[in-house]
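**Student:** Sequence:
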Amino acid sequence: MRNLALISLSLLSILGASAQDISSLISKDVFENMLKHRNDAACQGNGFYTYEAFIAAANAWVANGSGWTICLGYCFVTEGGSSGNPGDYCEANQQYPCAAGKKYFGRGPIQISYNYNYGPAGAAIGSDLLANPDLVATDATISFKTALWFWMTPQSPKPSSHDVITGRWTPSEADSAGRVPGYGVITNIINGGIECGKGSTTQQEDRIGFYKHYSDILGVGYGDNLDCNNQRPFNA
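FYI, in mature numbering (1 follows the signal peptide of the UniProt record, and there is no 0) the residues of the sequence shown are -19 to -1, 1 to 217.
It should be emphasised that the hints constitute simulated quantities derived from the structure, not laboratory data.
Just so it is clear, CB atoms sit at the ideal spot from N, CA and C, and this is done for glycine as well.
Do not take every clue at face value.
To be verified - Here are the simulated lysine-lysine pairs, DSS-like style, with alpha carbons at most 27 Å apart:
#, residue 1, residue 2
1, Lys193, Lys179
2, Lys9, Lys193
3, Lys9, Lys83
4, Lys179, Lys139
As the list claims (entries may be wrong) - Here are the computed distance ranges between Cβ atoms for each label pair:
#, residue 1, residue 2, range
5, Asn14, Ala73, 42 to 50 Å
6, Pro152, Leu6, 26 to 34 Å
7, Ser8, Pro138, 31 to 39 Å
8, Ser181, Ala104, 21 to 29 Å
9, Gly178, Glu72, 35 to 43 Å
10, Thr31, Asp205, 28 to 36 Å
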């Protein structure tokens, strides 16, 4: 899963909340404060990530009977912004085959990538994203829904970020390689092959800094084990 331009944060877990509860926990003022630079003129996503789209996506997820964690991004809608050609991101997969002429590069708040993610995400949210991957970059509600899907869904051998942040994940024997509960494991889930097991890196320190900043806005604690400096990536 690519996360080149966006810092994805899990800050607050909401279990069985009603639609009214969601907007009271994350008001529009809080949303704007957390993402105040997303509509800067230089941002590709200027005007795309709206509070209304976020609430609509969150309400749809809760309406399906699922708990969820908040997952917010910043400036870009597609990988690398509006310039360049990030590639097809198509891998052979019988269950989720690539559609002719379609590309599955990073899109949306969590930069969902590859056909093997677009396929199950689309099935979960009721949109054919294999045939229409651009929906993640053109429909803000669908875009947020893909981020919520990724946050809630385990993909073996990885747990879901939701289970990690809510304390539901218990490390297995295979996780003895430094993988312990905390924000660091969420970095490992999203970007472990690039950031984890390499000691302290600027990219990871920036991510932790953002996590702390937004945690402070919401008045929640950081928890333990914020980095993945000594963690082996899940797929290593």
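**Student:** Does each hint fit the structure? Answer for all of them.
**Tutor:** Here's how the hints hold up against the structure:
1. Lys193 <-> Lys179: holds, 21 Å
2. Lys9 <-> Lys193: holds, 20 Å
3. Lys9 <-> Lys83: violated, 35 Å
4. Lys179 <-> Lys139: Distance ~19 Å between Lys179 and Lys139 Cα, so the pair holds.
5. Asn14 <-> Ala73: 42 to 50 Å: With Cβ atoms ~44 Å apart, the hint holds.
6. Pro152 <-> Leu6: 26 to 34 Å: Holds: the Cβ-Cβ distance is about 29 Å, inside 26 to 34 Å.
7. Ser8 <-> Pro138: 31 to 39 Å: Holds: the Cβ-Cβ distance is about 38 Å, inside 31 to 39 Å.
8. Ser181 <-> Ala104: 21 to 29 Å: violated, 39 Å
9. Gly178 <-> Glu72: 35 to 43 Å: violated, 24 Å
10. Thr31 <-> Asp205: 28 to 36 Å: holds, 34 Å
Consistency with the previously given hints fails for numbers 3, 8 and 9, ordered from lowest to highest.
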